[in-house]
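Work out the full structure: start from the sequences and follow the hints.
Protein chains: 2
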Amino acid sequence: KLDVSSNDAQTSHKTVILPGLINFASFIPTLSSEKGPVDFEAVTRSSLAAGFSFNSFLPSTLDGAVITDARSLTTVSELVSNSAYTDYGFSVAATDSNAAQIQVVSGATVSLYLPFNEFSHNQVGALSAHFAAWPESKPIITDAKTTDLASVLLLTSLHNRRIHVTGVTGKDDLALIIMAKSKDLRVTCDVSIYSLFLSQEDYPGISFLPTKADQDALWDNLAEIDCLSIGNLPTLLAKALNKPVTAGLGIADALPLLFSAVNEGKMTMEYIIERLNINPAKIFDIPEQDATVEIDLDRPVASSKASVPAWSPFESLKGVIERVHIGLQTVCLEGEIIVQDALGKEVTSGIHRNQSVISTPVELT
Amino acid sequence: KLDVSSNDAQTSHKTVILPGLINFASFIPTLSSEKGPVDFEAVTRSSLAAGFSFNSFLPSTLDGAVITDARSLTTVSELVSNSAYTDYGFSVAATDSNAAQIQVVSGATVSLYLPFNEFSHNQVGALSAHFAAWPESKPIITDAKTTDLASVLLLTSLHNRRIHVTGVTGKDDLALIIMAKSKDLRVTCDVSIYSLFLSQEDYPGISFLPTKADQDALWDNLAEIDCLSIGNLPTLLAKALNKPVTAGLGIADALPLLFSAVNEGKMTMEYIIERLNINPAKIFDIPEQDATVEIDLDRPVASSKASVPAWSPFESLKGVIERVHIGLQTVCLEGEIIVQDALGKEVTSGIHRNQSVISTPVELT
Ligand SMILES: [Zn+2]
Ligand SMILES: [Zn+2]
Ligand SMILES: [Zn+2]
Ligand SMILES: [Zn+2]
Ligand SMILES: [Zn+2]
Ligand SMILES: [Zn+2]
Ligand SMILES: [Zn+2]
Ligand SMILES: [Zn+2]
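These protein sequences, in sequence, are chains A and B. Counting in the working numbering, the first sequence runs from 1 upward without gaps. Counting in the working numbering, the second sequence runs from 366 upward without gaps.
These aren't lab readings, by the way, just hints derived from the structure by calculation. This list has only true hints and no planted wrong ones.
Chain B is faced by these chain A residues, among others (derived, beta-carbon under 7 Å):
1) S128
2) T147
3) A150
4) S151
5) L153
6) L154
7) S157
8) L158
9) A175
10) K183
11) L185
It should be emphasised that the depicted structure is a prediction, and the values quoted were computed from it without experimental measurement. Glycine residues also receive a C-beta, built at the ideal position from the N, C-alpha and C atoms.
Below, the structure written as structure tokens:
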């Protein structure tokens, strides 16, 4: 168990210092030319203020799959350059017809993403060629569920690849993943943090949330969950409840929710560090960040001025991210970003772990 | 292409001689102690009269999975002894809890059957142990569909086994099987003959029949279908339509239906022999029968006196099985079984192909 907590002398509140976390299934509502840079900036600012020093973006937005080949990657990449407050990377989405296009962008992307969500729905049959085309060394990530999940795991096995399943909600899906792991299939998975704290018992009829039984299975199998994500679930929930859909939903809730579980003895700080930093860095080959996050566990979130106020289904959360450092510089103070320029860099070809790419020194106000 | 047709001099009807066929997914309505031997005898009689000289029985009846371990196999085996008009074998059904029991009966059975049908529904998660326990050399057969099928194929891949999927109806399932074959998974499959000739267009709301689109996909991919079966589909259909459920439904229709396809140029005689004799013998390691079947392709089925009259959704079929020989003996004439005693033998441990077990000579009336 890591020794990450200490006492704050002034107030005797408990504080922790975490390494910069990885938002590896980061969702942007739009990457269109008008609102794209604005949403992109908002998500990276929210992330940094919430303790995440790296964003790996999902290639599907509310408009569907937007990064599907070299051309669309370049378009998006140019669109958002100079808008990032964290380092970041993109994934390329598999579509029913782009198997021939993905190999050339593999080096410039974090992963191949196989989307089966409401924004871009694939046919498993069409994806075998993607497994053949995608470099063995690069990760593949999918949000496939039920039949699609079993089929994608079959493809993974037949092509002898590794895969990461994101946003697992169902207990049968989790059981299938655990079984596949036990037979040495190279599969990892994550659960959206919201799925650990919200269920269909809270929101009847919201089918993308776990049932109570599903949620119990997630908690019962925490050890088998390799990473924790934010993903598009908070955005889907806001949409379903007719709440304002803004960029970065769910990001600020992530750590305070997990701290509440630590407080109840259901999770450890070590677990959080492994699931939000160590494991995603390994799985997605994300460069190490020289970032630290200082948190006051006892302060109500409401007592901090959030840099990007956004809808949340949660009240009375505790755990204020008081400071974020990159290297020796303070880049975020009490939720406010105090660097003037967006100096986050895109992870592209040839970058591997232990080669930090985040811009240091960052400019201070 | 095999030269199996000749002209009948007397009537100039076209006749063919086929090898004895294999009913490898043979369904018995009940194997209970009262009606079991009666149903069993009826199915073997119907089979022989319809050109099938071997029955490999499904371990699930209308009462659910009835052969699940050594004890139940012995019970059934003793119950039906001296009731068989063809040689026959049994499979053992996997249940959620009998993984430890199946290994001892593996030698005495044709295959391990993983049922996901309405008579016995498995959880895929519970079946991994069955794959581990079942001998590598013995076949595994399943009727799994959609999610269950993908999961079972995943288990097959992870355990490096071979599997046969019986009664494929859906085009997505067929596509998944074809994909898995293309990646060298050792998977074979069959389609129920009824599924080639009946669809939900004929019987709206009967979900176990293929849709018209599914059926088109079956016909478009005949080459990928390794075997043709009868299975429990005719029985399910009779039940759904409130028709009399008797033993042996669908067996008499099998060849005449396929001949109608040959007549329309949609199938060849060679295809029928491969799918009803050569391939099932290989896949299920069924001993070679010294049987021949003589058929008059042009005679209406109605002109023959069927030995076991039964409900059928089809009218005006052609193709009368005029004679069935075992060795040099005629055992069936114009649909009438002309041997007095039921001398079919059970295939048990240690019997392999090319070791004929059918009783010769059979007694004549
Ligand atoms: Zn404090
Ligand atoms: Zn789907
Ligand atoms: Zn403090
Ligand atoms: Zn500090
Ligand atoms: Zn004739
Ligand atoms: Zn099922
Ligand atoms: Zn004739
Ligand atoms: Zn003859």
